[in-house]
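Protein chains in written order, with numbering that gives the first Met the number 0: chain W, 0 to 219; chain R, 0 to 261; chain X, 0 to 473.
Because the hints were derived from the structure by calculation, they are not lab data.
Even for Gly, the Cβ is constructed at its ideal location relative to N, Cα and C.
Please note that a few of the clues may not be correct.
Claimed, not checked - Chain X stretches covered by chain W per the calculated footprint, using a threshold of three residues with CB under 8 Å from any CB of chain W:
(1) 34 to 47
(2) 174 to 186
(3) 338 to 344
(4) 429 to 435
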Amino acid sequence: MTGSREKIMGGVRRALHRTGPLNVSMQRALAERIATHHAHVKPTINGDIVSRFVEKVAAAAGDLERLMSMSTVSRAVLEYLDREGLARAIVTSSDPRMSQVRWSNELTVESRPACDSDQVSVTTAFAGIAETGTVVMLSDQTSPTTLNFLPEHHIVLLDRERVVAHLEDAWALVRKERTQIPRTINLITGPSRTGDVELQMEFGAHGPRRVYVLLIGGSQ
Amino acid sequence: MSVSLDNAHPPNRPRVGLFVTCLVDLYRPSVGFATVALLESAGCEVEVPAAQTCCGQPGYNSGDSETARAIACQVIETFEPFDYIVVPSGSCAGMLRAHYPGLFETDTPWRARAEELTGRVYELTSFLVDVLGIEMTMSAHPARVTYHDACSGMRELGIRKQPRALLAHVPGLELAELSEPEVCCGFGGTFCVKYPEISGRMVSNKIADIAATQADTVLAGDLGCLLNIAGRLRRERIPIKVRHIAEVLAGMTEGPAIGESR
Amino acid sequence: MHSTSNQFPTNVREAVLDDQLRLALGRAQTGFVTNRTNAIGALPEFEALRAAAHDVKEHTLAHLDFYLELFEHQATEAGAHVHWAATPEEAREIVLDICRKADARTVTKGKSMVGEEIALNDAMEASGLEVIETDLGEYIIQLSGEPPSHIIAPAIHKTREEIGDLFVRHHAELGFEERTTEAPELVSQARAVLRSEFQRADVGITGANFLVAETGSSVIVTNEGNGDLSNTLPRVHIVTAGIEKVVPSFEDLSTILRLLARSATGQEMSAYTTVSTGPRRQDDQDGPAEFHIVLLDNGRSTMLGGEFRDMLRCIRCGACLNHCPVYNSIGGHAYGWVYPGPMGSVLTPLLLGLDEAHHLPNACTMNGRCEQVCPMSIPLPRMLRALRNREFKRGLGTHRSKLALALWSFAARRPKLYHALSRLAMTTLGWLAGERGAFPWLPLAGGWTSARDLPAPEGETFQARWRRIAGKGR
Chain W
0 MTGSREKIMG
10 GVRRALHRTG
20 PLNVSMQRAL
30 AERIATHHAH
40 VKPTINGDIV
50 SRFVEKVAAA
60 AGDLERLMSM
70 STVSRAVLEY
80 LDREGLARAI
90 VTSSDPRMSQ
100 VRWSNELTVE
110 SRPACDSDQV
120 SVTTAFAGIA
130 ETGTVVMLSD
140 QTSPTTLNFL
150 PEHHIVLLDR
160 ERVVAHLEDA
170 WALVRKERTQ
180 IPRTINLITG
190 PSRTGDVELQ
200 MEFGAHGPRR
210 VYVLLIGGSQ
Chain R
0 MSVSLDNAHP
10 PNRPRVGLFV
20 TCLVDLYRPS
30 VGFATVALLE
40 SAGCEVEVPA
50 AQTCCGQPGY
60 NSGDSETARA
70 IACQVIETFE
80 PFDYIVVPSG
90 SCAGMLRAHY
100 PGLFETDTPW
110 RARAEELTGR
120 VYELTSFLVD
130 VLGIEMTMSA
140 HPARVTYHDA
150 CSGMRELGIR
160 KQPRALLAHV
170 PGLELAELSE
180 PEVCCGFGGT
190 FCVKYPEISG
200 RMVSNKIADI
210 AATQADTVLA
220 GDLGCLLNIA
230 GRLRRERIPI
240 KVRHIAEVLA
250 GMTEGPAIGE
260 SR
Chain X
0 MHSTSNQFPT
10 NVREAVLDDQ
20 LRLALGRAQT
30 GFVTNRTNAI
40 GALPEFEALR
50 AAAHDVKEHT
60 LAHLDFYLEL
70 FEHQATEAGA
80 HVHWAATPEE
90 AREIVLDICR
100 KADARTVTKG
110 KSMVGEEIAL
120 NDAMEASGLE
130 VIETDLGEYI
140 IQLSGEPPSH
150 IIAPAIHKTR
160 EEIGDLFVRH
170 HAELGFEERT
180 TEAPELVSQA
190 RAVLRSEFQR
200 ADVGITGANF
210 LVAETGSSVI
220 VTNEGNGDLS
230 NTLPRVHIVT
240 AGIEKVVPSF
250 EDLSTILRLL
260 ARSATGQEMS
270 AYTTVSTGPR
280 RQDDQDGPAE
290 FHIVLLDNGR
300 STMLGGEFRD
310 MLRCIRCGAC
320 LNHCPVYNSI
330 GGHAYGWVYP
340 GPMGSVLTPL
350 LLGLDEAHHL
360 PNACTMNGRC
370 EQVCPMSIPL
380 PRMLRALRNR
390 EFKRGLGTHR
400 SKLALALWSF
410 AARRPKLYHA
420 LSRLAMTTLG
430 WLAGERGAFP
440 WLPLAGGWTS
450 ARDLPAPEGE
460 TFQARWRRIA
470 GKGR
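The following block holds chain W by itself, in its conformation from the complex (with noise of 0.2 Å):
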């Protein structure tokens, strides 16, 4: 709406007791402080930040299984289906290093956007966070969002070495590898779940009914 802008920016200059924009050196502390990326106050995490990972994944009702290696996703996967009562079928991400996966002749496997009739996705985390046991999936041209929200059942690989303490540390992350901040990033913190209905806690309201994250590398 033309004229709109102006109304509400004068509106918000005035209940300021501004008539105009703030003045150039303070825009630049202002643009200063953000490019600083000072953290406020963090939750102090006891111990090791992959042990708080995995004891987080539990406690907000995800499911996790530590492997070696890579070498073991396949397997792993398969025999997460047949537990579940599942089709050898799976819709994946095209990542690098989802394309290290040696996937059993077994499996179906396709890499592309996720539709209705696929139960189970299987993605790479771009992260982890251990102070909430969330994985971070950022969008790209290997990674569609529909790929962590349409199948029931979401299997998640995840490094060892990309979980990281805090929030913090995640955003940090994402602005070291990434030259521009992707269309989405999906913070996962277990399955989809509602209370909506007498505030009785069901899974899968409408994204995934199971998160499954495979972490990978390094000790038991």
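Given chain W, put chains R and X in place with the hints provided.
Okay, now just chains R and X, sitting in the frame of chain W:
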């Protein structure tokens, strides 16, 4: 917010001005006399200035700041000369301590006087425990008792431990806590008559909690809450006694409980 | 949303007689309160976070023009369209215009309180759009034609039986002919029904919990995933958000995020916290082709300059509602508009005016629990009192209450008169009571006695007895 103890070094015989509160004055003077008895046995010299009426809450909470301010001036002037001002009510003490200064513009003399006064205002149980360091009380009260924490005293003045510390030293008294001591009883000053259905629901919930403790007496430090609770207990025909904590601490429980037939 | 706040006393009467509501509220209260208490108890840094979050918001508000412009600039750089709406009418017009230009027929909605505030659904439906709420709670109340009764759990007042009835009525034609009242089945059914809607929607509309100025991003904090499906599948994604939702950086965001889920549901982190920046990128395989952000003022810039500025720190967590004994007695619908409970009792008069909402600031006992649990340290009781001050100055209120107040004011300022009158009144009342402990009824005390007996006074006032016994001058 907890009580600051800047003035917690009492002289030998502290001169206490009793702010009796309008509800105690009008409705249940025995609470006032129990308060005086407690203070005197603790070594205080108690006076009751005649120029007091009310703390001003009814006006303050109804949006009439001007009346509240006028009354505050009256109270400040009347009570300034005392070492301490003791109040048998958390909400009235809270009004004086937490709200009086804000009634006046910053950097005005009245503001300064209000701020100076607040440091010497105490709710009764807080005065006994935090300032005088007293926990022994005057007589036994064998009974199963529960305690309702009045909201203002709790949230504005941090009063929770003090009444319990005092009750713990009453021989024969057994304290059974409410399952939800932090929930408002529904009095809220004029709220209870403006919105009686809501107030009724709230006090009914409180009564259910009280009854569930199987106490034979419920105590509190605020007469507003107590009148509300007593009135509802009677309406629901539940024979639990209702008293102000001062009555029990002072061993003055021969008279009828609140709402009890005489 | 059309307001019934001025019918508050009628709403209350209905609510208090509603046993189903009472059960639902009891259940909700226990759940929310216990969960929050546990979550806060497990976080030693809670008070420090609260202080930091307060400072972040205060800093942002003090420089809101800068951050709004930065947000707009960054969002635009990322390919988003930023729109400014001073009023609800403008906001509705902007959204309808976007839908028109996109040739839209169907819209899926994630939960947006701002959407309710501007009555967006009605406007969209009136213009021929099919609107489907996708948050399960919002979906349920959309089926029942009711407004939300809680800002986090909009259908909290509904029993599973009622939901079962609604579903069988509306879903039978979709193949769900058997009535169920089991929560898992109800949720599965909603999932199945709504899944096809997500796919066919042309436009997805969500709110925003935060707008991050650093990158021009919007953030939603959810548990179901419906917001995410609404912002990924349709070709147009629209965000409706109040201008106070801006935070400067991701570090600022993180600070407040740590308080939000804990205060709302007792979770450390909700299942989904999603950051959306611009439309899909060239190489993205999914995502919306268009991304719009509608910034709504609707009184917020006015609040910024006055005594209600603190209200702009609100992050819509619902903790105040959950802990308010008045809300827990009457539920959200009684408040009559979008925002219930303590925060609603401040916002509704500010956004709709005191003539409409004058009851709300008065329906409060000033017990202070709301302020105690508010993660953003908002002094709700103080603001409710400030609204009462405005009402007093404008002479709002019943004649009776104004008269009573005036009489009290006159007497309380005059101790001698006060003592004489009170002595008279209490002696009379004490005499009337006789040996009875209480009055079940008394003229002029109907407000009190409708809910409880009126205990009898002792008769003689303290002042009178003190002067008599203790001698004058003491």
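**8 Å C-beta test of the stretch 429 to 435 of chain X against chain W, three or more residues** = violated (count 0)
**Prompt:** Can the stretch 338 to 344 of chain X be counted as covered by chain W under the rule of three residues or more with Cβ-Cβ separation shorter than 8 Å?
**Reply:** violated (count 0)
**Item:** Coverage of the stretch 174 to 186 of chain X by chain W, judged on three or more residues with CB within 8 Å
**Value:** Three-residue rule met by the stretch 174 to 186 of chain X, so holds; n is 4.
**Prompt:** Per the coverage rule (Cβ-Cβ under 8 Å, at least three residues), is the stretch 34 to 47 of chain X covered by chain W?
**Reply:** holds (count 4)
In summary, the numbered hints that this structure violates are 3 and 4.
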